[in-house]
Amino acid sequence: DGGITQSPKYLFRKEGQNVTLSCEQNLNHDAMYWYRQDPGQGLRLIYYSQIVNDFQKGDIAEGYSVSREKKESFPLTVTSAQKNPTAFYLCASRTGQGSAGNTIYFGEGSWLTVV
Amino acid sequence: RKEVEQDPGPFNVPEGATVAFNCTYSNSASQSFFWYRQDCRKEPKLLMSVYSSGNEDGRFTAQLNRASQYISLLIRDSKLSDSATYLCVVTIYNQGGKLIFGQGTELSVKP
Chain C
-16 DGGITQSPKY LFRKEGQNVT LSCEQNLNHD AMYWYRQDPG QGLRLIYYSQ
34 IVNDFQKGDI AEGYSVSREK KESFPLTVTS AQKNPTAFYL CASRTGQGSA
84 GNTIYFGEGS WLTVV
Chain D
416 RKEVEQDPGP FNVPEGATVA FNCTYSNSAS QSFFWYRQDC RKEPKLLMSV
466 YSSGNEDGRF TAQLNRASQY ISLLIRDSKL SDSATYLCVV TIYNQGGKLI
516 FGQGTELSVK P
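Chains C and D, in that order, give the protein sequences. Those letters in the first sequence? Residues -16 to 98, per this note's numbering, in order. Those letters in the second sequence? Residues 416 to 526, per this note's numbering, in order.
Simulated crosslink set (DSS-like; lysine-lysine; CA at most 27 Å straight-line): (1) C:K53 x C:K(-8); (2) D:K457 x C:K66; (3) C:K54 x D:K457; (4) C:K40 x D:K457; (5) D:K417 x D:K457; (6) C:K54 x D:K460; (7) C:K(-3) x D:K457; (8) D:K460 x D:K525; (9) C:K66 x D:K417; (10) C:K40 x D:K460; (11) D:K457 x D:K525; (12) C:K(-3) x C:K40; (13) C:K40 x C:K(-8); (14) C:K54 x C:K40; (15) C:K40 x C:K66; (16) D:K417 x D:K460; (17) D:K417 x C:K40; (18) D:K494 x D:K460; (19) C:K53 x C:K40; (20) C:K(-8) x C:K54; (21) C:K53 x D:K460; (22) D:K457 x D:K494; (23) D:K457 x C:K(-8); (24) C:K(-3) x C:K66; (25) D:K460 x C:K(-8); (26) D:K494 x D:K525.
None of these hints come from the bench; they were simulated from the model.
Just chain D, with the same shape it has in the complex (with noise of 0.2 Å):
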């Protein structure tokens, strides 16, 4: 079982859709997760980091339940620029601060 895991894309939305992933990681240690965003050829950039209360930054929403072991993204009203790769991120720090990422989803939202 891959340590972290992602929903299986592509996703293909129209504008103005409601759109959520979900991410699960399989060890209990895991510290910090994050979502990036992965334009095509590009670097990641840091879409929001995920806090156990749920954090919100316009119409993206993370949410945390370490209970179940899964994080989970939301984006509202859709829009065409939100087309990219999703890739959630996890550190396990009783790994000496390892970093995995998920093998991301991919958004295609159409008009």
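For reference, chain C alone in the conformation it holds in the complex (with noise of 0.2 Å):
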């Protein structure tokens, strides 16, 4: 079946680490997106890529890095910058900005917890 899975569904993290979070979809679609959700919080866009080896921050990219060296896959790395990780990571993906009103689906998201 065809989805984005990520990976692990849940973490620990000491503080001072890096950990980074896997994101992978098989749905051969060109725009990646990472959010992180707060307790009672909506979405709020970290880090987003249209296209292999592009990528442009998001609104709250400070502590955070990404790669898209492939199109299946868009890790995002939390840094030891990040002042206050713990949070609900989201992936998500869609076929691409010229198809407007086309699906965005999402992973089943990652809880970190800092500890």
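Take the two lone chains and join them into the complex the hints point to.
Set out below in structure tokens:
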């Protein structure tokens, strides 16, 4: 079945550590996105990518980094510079900007907790 | 001002009620609009896209007003299972297909 897979689902990080969240899609989608959601809050855009080897900062990119070396993969690294990383992280993808109205697909999310 | 803003919640309604949510957007270059539903601790799932002419799917009706830059979602005959957070989503094509979410409006339908 086609879809988006995020891993790990639950992750605990010590302060000062970098961690990488995986996001893989087999939908042949051009565009991929990373969002952060805090309890009781909406989704805030961290980074997005419209094409391989290109990505743009979202609204809260500080303390995060991404890469897009392959169309299928868009990993997110939460660096030690991110002061409050405990949150629910969602990866999403869609066909591309040329198709108005096309559906956004989400992974099941990753829960990151700093201990 | 936030790029996408929704009605603050929560909305607490009895079963069978009709409830309406509004969402305003600030960027006139916004191209596509969606309503997503999110259950607690789960990923958002598409409820419906919003078309310029308005569209209906069973008990759900979505409207778009480009002149006033808002979209709405109407739920008729509310069910207990409609309890969730409803997210408004806007795509902005002159910013490389950026997707912007509203903060969500929580709906709680009571017996």
